[in-house]
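Chemist: Sequence:
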Amino acid sequence: MKFRFENLGVVERIDFDLSKKLSVFCGQDGTGKTYVSYALYGLLCGLYPIPVQLFPMEELKERKQLDIELDPDRLHSLRKIALKDLQDRKIQRVFGLSLHSLGQFKASLLFSRKETAKEIRGS
Numbered sequence: 001m002k003f004r005f006e007n008l009g010v011v012e013r014i015d016f017d018l019s020k021k022l023s024v025f026c027g028q029d030g031t032g033k034t035y036v037s038y039a040l041y042g043l044l045c046g047l048y049p050i051p052v053q054l055f056p057m058e059e060l061k062e063r064k065q066l067d068i069e070l071d072p073d074r075l076h077s078l079r080k081i082a083l084k085d086l087q088d089r090k091i092q093r094v095f096g097l098s099l100h101s102l103g104q105f106k107a108s109l110l111f112s113r114k115e116t117a118k119e120i121r122g123s
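If you read the sequence shown in my numbering, its first letter stands for residue 1, the second for the next number, and so on.
Hints should not be assumed to be uniformly reliable.
[Claimed, not checked] Pairs of lysine-lysine, DSS-like flavour, derived with a Cα cap of 30 Å:
{"no.": "1", "residue 1": "2", "residue 2": "33"}
{"no.": "2", "residue 1": "80", "residue 2": "64"}
{"no.": "3", "residue 1": "64", "residue 2": "20"}
{"no.": "4", "residue 1": "21", "residue 2": "114"}
To be clear, the hints were calculated from the coordinates, so they are not data collected in a lab.
Assemble the whole structure, with the sequences as input and the hints as a guide.
Modeler: Right, dumping it as structure tokens:
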């Protein structure tokens, strides 16, 4: 999943790619590492658990197996919702500040629906 944070404290813009195995924040004091880490935490807490049922529990109980087909449109939509929720509401709780105090913070998805489908297929 690729996304962007803009106007987060002293950070004008930062792009993330969570498909990478490791991300390292390094730099001098006062460059926004903590703000970015907290915002990332706020986003990831919004993704899990997903507030929708992914499969019927009765089917699992009866069949003792489960086939889950991921819908790229639904997954893409859930990602956009999580970023919008972070931007409009959760960021206030993460930092304990009002939206007014946070200025023009923006979170956006840099991953198209087509890329989401490709990610699901694993190719």
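Chemist: Next step is simple, just say for each hint if it's right about the structure.
Modeler: Verification of the hints:
Our distance criterion of 30 Å between C-alpha atoms is met by residue 2 and residue 33, whose separation comes to about 18 Å. Distance restraint check for residue 80 and residue 64: the Cα-Cα separation of roughly 33 Å exceeds the 30 Å cut-off, and the hinted pair is therefore not satisfied. For the suggested pair residue 64 and residue 20, the alpha carbons sit about 34 Å apart, so the restraint of at most 30 Å is broken. Annotation: proposed proximity of residue 21 to residue 114 holds, straight-line Cα distance about 22 Å (limit 30 Å).
Comparing the model with each earlier hint shows violations of hints 2 and 3; every other hint is respected.
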